[in-house]
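Asker: Sequence:
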Amino acid sequence: MGTLVIDKKKFVVIEEKKFEKLELLAAQKTAPAKKLSLAEGKKMAHKLIDKWSEGK
Numbered sequence: 697m698g699t700l701v702i703d704k705k706k707f708v709v710i711e712e713k714k715f716e717k718l719e720l721l722a723a724q725k726t727a728p729a730k731k732l733s734l735a736e737g738k739k740m741a742h743k744l745i746d747k748w749s750e751g752k
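My numbering applies: residue 697 is where the sequence shown begins, and numbers increase by one.
Please keep in mind that the hints were generated in silico from the structure rather than gathered at the bench. All values derive from a computational prediction rather than experimental measurement. There may be inaccurate statements among the hints.
[Unchecked claim] Here are the simulated distance ranges between beta carbons:
no.	residue 1	residue 2	range
1	Lys-706	Ser-749	50 to 56 angstroms
2	Lys-730	Gly-751	22 to 28 angstroms
3	Glu-736	Met-697	43 to 49 angstroms
4	Lys-714	Lys-739	34 to 40 angstroms
5	Ser-749	Ala-729	26 to 32 angstroms
6	Val-708	His-742	30 to 36 angstroms
7	Pro-728	Gly-698	34 to 40 angstroms
Beta carbons are placed, not taken as given, at the ideal position from N, Cα and C, and that holds for glycine.
Model the full structure from these sequences, guided by the hints.
Answerer: Below, the structure is given as structure tokens:
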């Protein structure tokens with residue numbers, strides 16, 4: 697690992713394989729999107745429609 701200084705900013709240079717491992721770890725820490733069942737989705741949609749209609 698090496699360090700570069702360009703325009704008073706520090707940059708770190710690492711091996712490509714290490715970078716790919718780091719990138720993979722960062723991607724795994726994101727929360728997966730929640731998938732709803734058809735019934736749950738319908739229920740949520742109706743709630744949002746009711747909420748929207750009350751506001752108007």
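Asker: Take the hints in turn and mark each one as holding or not.
Answerer: Hint-by-hint comparison with the structure:
no. : hint                                  : result
1   : Lys-706 x Ser-749: 50 to 56 angstroms : 55 angstroms, holds
2   : Lys-730 x Gly-751: 22 to 28 angstroms : 25 angstroms, holds
3   : Glu-736 x Met-697: 43 to 49 angstroms : 47 angstroms, holds
4   : Lys-714 x Lys-739: 34 to 40 angstroms : 46 angstroms, violated
5   : Ser-749 x Ala-729: 26 to 32 angstroms : 27 angstroms, holds
6   : Val-708 x His-742: 30 to 36 angstroms : 51 angstroms, violated
7   : Pro-728 x Gly-698: 34 to 40 angstroms : 35 angstroms, holds
Violated hints for the displayed structure, listed by number in ascending order: 4, 6.
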